[in-house]
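Chains as they are written, first to last, in my numbering: chain A, 1 to 340; chain B, 1 to 340.
Warning: the hint list may mix true and false statements.
All copies of an identical chain are treated as equivalent in the list; a pair is satisfied when it fits inside any one copy or across any two copies.
Unchecked claim - Here are the simulated DSSO-like cross-link-like pairs (lysine-lysine), alpha carbons at most 27 Å apart as the crow flies:
id: 1; residue 1: Lys-168; residue 2: Lys-338
id: 2; residue 1: Lys-301; residue 2: Lys-166
id: 3; residue 1: Lys-52; residue 2: Lys-166
id: 4; residue 1: Lys-52; residue 2: Lys-311
id: 5; residue 1: Lys-153; residue 2: Lys-338
id: 6; residue 1: Lys-128; residue 2: Lys-280
id: 7; residue 1: Lys-44; residue 2: Lys-128
id: 8; residue 1: Lys-44; residue 2: Lys-311
id: 9; residue 1: Lys-268; residue 2: Lys-284
id: 10; residue 1: Lys-117; residue 2: Lys-44
id: 11; residue 1: Lys-153; residue 2: Lys-268
Since the hints were derived computationally from the structure, they do not count as laboratory data.
There are 2 protein chains.
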Amino acid sequence: MLKVSVLGAGYMGSAITFPLSHNGIPVNLWGTWLDGNIIDSCRKGYHPKLKKALPDSVHFYNSEDLLPCVEDADLIIIAVTSEGFLSVYKKLLECSNKSPLLITLTKGFAQDNGEVKRLSETAQRLFKERFPCEEVLWVSVGGPVKAVELSNKVPTVTVFGINNQKIKDVIGLFATDYYRVSLTDDVIGVELASAFKNVYAIALGISNSIYQSLDKGHCDNLNAFLFNQAANEMALIIEAGGGRRDTVFDLAGIGDLYVTSQSGRNRKFGDYIGRGVSPKNAYKMMLEEGEVAEGYNTLSKGMIYLRQLGKGLLDELPLFQILYRTVFEERDFSEELKAL
Amino acid sequence: MLKVSVLGAGYMGSAITFPLSHNGIPVNLWGTWLDGNIIDSCRKGYHPKLKKALPDSVHFYNSEDLLPCVEDADLIIIAVTSEGFLSVYKKLLECSNKSPLLITLTKGFAQDNGEVKRLSETAQRLFKERFPCEEVLWVSVGGPVKAVELSNKVPTVTVFGINNQKIKDVIGLFATDYYRVSLTDDVIGVELASAFKNVYAIALGISNSIYQSLDKGHCDNLNAFLFNQAANEMALIIEAGGGRRDTVFDLAGIGDLYVTSQSGRNRKFGDYIGRGVSPKNAYKMMLEEGEVAEGYNTLSKGMIYLRQLGKGLLDELPLFQILYRTVFEERDFSEELKAL
Numbered sequence: 001m002l003k004v005s006v007l008g009a010g011y012m013g014s015a016i017t018f019p020l021s022h023n024g025i026p027v028n029l030w031g032t033w034l035d036g037n038i039i040d041s042c043r044k045g046y047h048p049k050l051k052k053a054l055p056d057s058v059h060f061y062n063s064e065d066l067l068p069c070v071e072d073a074d075l076i077i078i079a080v081t082s083e084g085f086l087s088v089y090k091k092l093l094e095c096s097n098k099s100p101l102l103i104t105l106t107k108g109f110a111q112d113n114g115e116v117k118r119l120s121e122t123a124q125r126l127f128k129e130r131f132p133c134e135e136v137l138w139v140s141v142g143g144p145v146k147a148v149e150l151s152n153k154v155p156t157v158t159v160f161g162i163n164n165q166k167i168k169d170v171i172g173l174f175a176t177d178y179y180r181v182s183l184t185d186d187v188i189g190v191e192l193a194s195a196f197k198n199v200y201a202i203a204l205g206i207s208n209s210i211y212q213s214l215d216k217g218h219c220d221n222l223n224a225f226l227f228n229q230a231a232n233e234m235a236l237i238i239e240a241g242g243g244r245r246d247t248v249f250d251l252a253g254i255g256d257l258y259v260t261s262q263s264g265r266n267r268k269f270g271d272y273i274g275r276g277v278s279p280k281n282a283y284k285m286m287l288e289e290g291e292v293a294e295g296y297n298t299l300s301k302g303m304i305y306l307r308q309l310g311k312g313l314l315d316e317l318p319l320f321q322i323l324y325r326t327v328f329e330e331r332d333f334s335e336e337l338k339a340l
Numbered sequence: 001m002l003k004v005s006v007l008g009a010g011y012m013g014s015a016i017t018f019p020l021s022h023n024g025i026p027v028n029l030w031g032t033w034l035d036g037n038i039i040d041s042c043r044k045g046y047h048p049k050l051k052k053a054l055p056d057s058v059h060f061y062n063s064e065d066l067l068p069c070v071e072d073a074d075l076i077i078i079a080v081t082s083e084g085f086l087s088v089y090k091k092l093l094e095c096s097n098k099s100p101l102l103i104t105l106t107k108g109f110a111q112d113n114g115e116v117k118r119l120s121e122t123a124q125r126l127f128k129e130r131f132p133c134e135e136v137l138w139v140s141v142g143g144p145v146k147a148v149e150l151s152n153k154v155p156t157v158t159v160f161g162i163n164n165q166k167i168k169d170v171i172g173l174f175a176t177d178y179y180r181v182s183l184t185d186d187v188i189g190v191e192l193a194s195a196f197k198n199v200y201a202i203a204l205g206i207s208n209s210i211y212q213s214l215d216k217g218h219c220d221n222l223n224a225f226l227f228n229q230a231a232n233e234m235a236l237i238i239e240a241g242g243g244r245r246d247t248v249f250d251l252a253g254i255g256d257l258y259v260t261s262q263s264g265r266n267r268k269f270g271d272y273i274g275r276g277v278s279p280k281n282a283y284k285m286m287l288e289e290g291e292v293a294e295g296y297n298t299l300s301k302g303m304i305y306l307r308q309l310g311k312g313l314l315d316e317l318p319l320f321q322i323l324y325r326t327v328f329e330e331r332d333f334s335e336e337l338k339a340l
């Protein structure tokens, strides 16, 4: 039987244990140095974020026990934050005795030799340094999945971006009646869509709370405009980054953007900003509650990434620029929007 | 100055008077035989659906006064239900002394010589019968606009599908700081997207109320899947109908689908079905409250329209078929969905 380890005991890392255990696969779940309380609580039968017990077949590992968690793993699922990704990943490679199949739920960018790169780019380069004779087998996971709903067995369809057709069979480990996996070979498209949708969801949060505070009721017209603008800017980004436009107009793009803009951490981060909290404080407040607004980091690293892709691109991304100015230059979102 | 008349005093017909009056354009607003109470109330300074007074520059006409309302109109905006469209439209042509520019907010299909046709197709044919020497100048309006929000001056962007570049200047009559108009020459795409999004919004209503009643909380994962499936089926429909795929992945498609699936009458119709009300009764109950679930009619006429477009097409539209079976054959939506 395949040995499966999951790194990161937050929402997604923990939720993914449900379909695996449904399929009879035992899982080693490792908590980062920030997940200590979660692991302790899980051992007592309660995941504090998912608000339920994880499946019985899950074995828990504290942050100091990465080696026993992963040394013989065939398949490793990485579900830490983008900020923590590289440090965890480097430790993982040191601990691995054999080259594992890597599946990442983490989305974002890494600082790599003075450039900002997609996480999978950097990760694959590091993999080849560690296992020079092995093929990298890599999956970037995207698509509309709220972890709590997955753990509640709400019907869910996800997208696996795979870099090698050999990996196709891996979906059999995950697929259940409530969790379906669709495949694409557009790893870049899935990865960029997953990362940037977190940025654009902030916009819908900001506008919502601005209009609520103005007592004007809903602003679905404006949010629909923002949603569409976001999707079309993401299409330009992904084409420029080497992915396929079609990936955006599918589950990994508009599907994921839909779910993320309904609720979730990045939307909440936007809500705070719309209510007048400074972006820096909003990020901090959420961090103190154990919530990471990934879009904040992706907005900052993403700006560098987009600049690297070429000067003209940013001109075609007015909403991205407005978000950047709102979050990092504390400009007024509504005022900025008028120019759009 | 242009003489502008609006036919239909429901949500959209009434809301469109706000940007026009903002631009100093007086409007004749005519109520259908179902709008008698609305017109009476508007004269007293209160629109019962928008829950506010309409602008002072609006003149009100009862259903028996169509002739004085439209006889000299240069520009006529049609905002009746798709069910009422043809009977109103035929009367309009009889009453018109000169050939008007036609802007329609109505979306759907008409029975025309034994076939089901897009409303604009039939309307343009009838126009040529009445004004054989005149050009048809036609605008189909689409895009994400909830009428109440427009009347609240929430920033809104709409799409005008125009059949002739001569009409371009008409947008100057409508555009304000809170209402922007984008143009496309894909009338078919706008019209079909506007019609079918009402059908697909029913799906999100059904799934939401099913999951609420199961006490499973939100089902955003499932709704994101349905949203994406809807967008991609709409793209196939519009290509088959002679429109452009790109129109779907823009304001008139995903933008409008977004706003419609957040709330609105078709979503509400789906909510009733998900709670176990028979579709026929749900439609009736809403009608008694003065609300027309357009998607119900579009689903039935749309099925005939799609069959006319060719046999293979329906096979590629599993969600449309599931909705049809749920609404007209009272099959169980969740059960049907499993096969998708």
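Checklist entry - For the identical chains here, do Lys-128 and Lys-280 meet the 27 Å Cα criterion within one copy, between copies, both, or neither? => result For Lys-128 and Lys-280, neither the intra-copy (37 Å) nor the inter-copy (62 Å) Cα distance is at most 27 Å.
Checklist entry - How would you label the pair Lys-153, Lys-338 (within, between, both, or neither) given a Cα cut-off of 27 Å? => result The answer is between: 14 Å across copies meets 27 Å, while 42 Å in one copy does not.
Next on the checklist: For Lys-268 and Lys-284, with the copy left unspecified, which applies at a CA distance of at most 27 Å: within, between, both, or neither?
Outcome noted: Close inside one copy (13 Å), not across copies (39 Å); limit 27 Å.
Next on the checklist: When Cα atoms must be at most 27 Å apart, do Lys-52 and Lys-311 count as within-copy, between-copy, both, or neither?
Outcome noted: Neither: 48 Å inside a chain and 48 Å across chains, both beyond 27 Å.
Checklist entry - What label fits Lys-301 with Lys-166 when the C-alpha limit is 27 Å: within, between, both, or neither? => result So Lys-301 and Lys-166 fail the 27 Å test inside a copy (32 Å) and across (46 Å) alike.
Checklist entry - What label fits Lys-153 with Lys-268 when the C-alpha limit is 27 Å: within, between, both, or neither? => result Close inside one copy (24 Å) and across copies (25 Å); limit 27 Å.
Item to check | Same-copy or cross-copy closeness of Lys-168 to Lys-338 [CA-CA at most 27 Å] | outcome: So Lys-168 and Lys-338 pass the 27 Å test across copies only (22 Å; inside, 47 Å).
Checklist entry - Is the C-alpha distance from Lys-117 to Lys-44 at most 27 Å within one copy, between copies, in both cases, or in neither? => result For Lys-117 and Lys-44, neither the intra-copy (40 Å) nor the inter-copy (63 Å) Cα distance is at most 27 Å.
Next on the checklist: When Cα atoms must be at most 27 Å apart, do Lys-44 and Lys-311 count as within-copy, between-copy, both, or neither?
Outcome noted: neither (53 Å within a copy, 58 Å between copies)
Item to check | Alpha-carbon proximity context of Lys-52 and Lys-166, limit 27 Å | outcome: neither (35 Å within a copy, 63 Å between copies)
Checklist entry - Taking 27 Å as the upper bound on the Cα-Cα distance, should Lys-44 and Lys-128 be classified as within, between, both, or neither? => result Neither, since 39 Å and 77 Å both go past 27 Å.
Checked against the numbered hints given earlier, this structure breaks hints 2, 3, 4, 6, 7, 8, 10; the rest are met.
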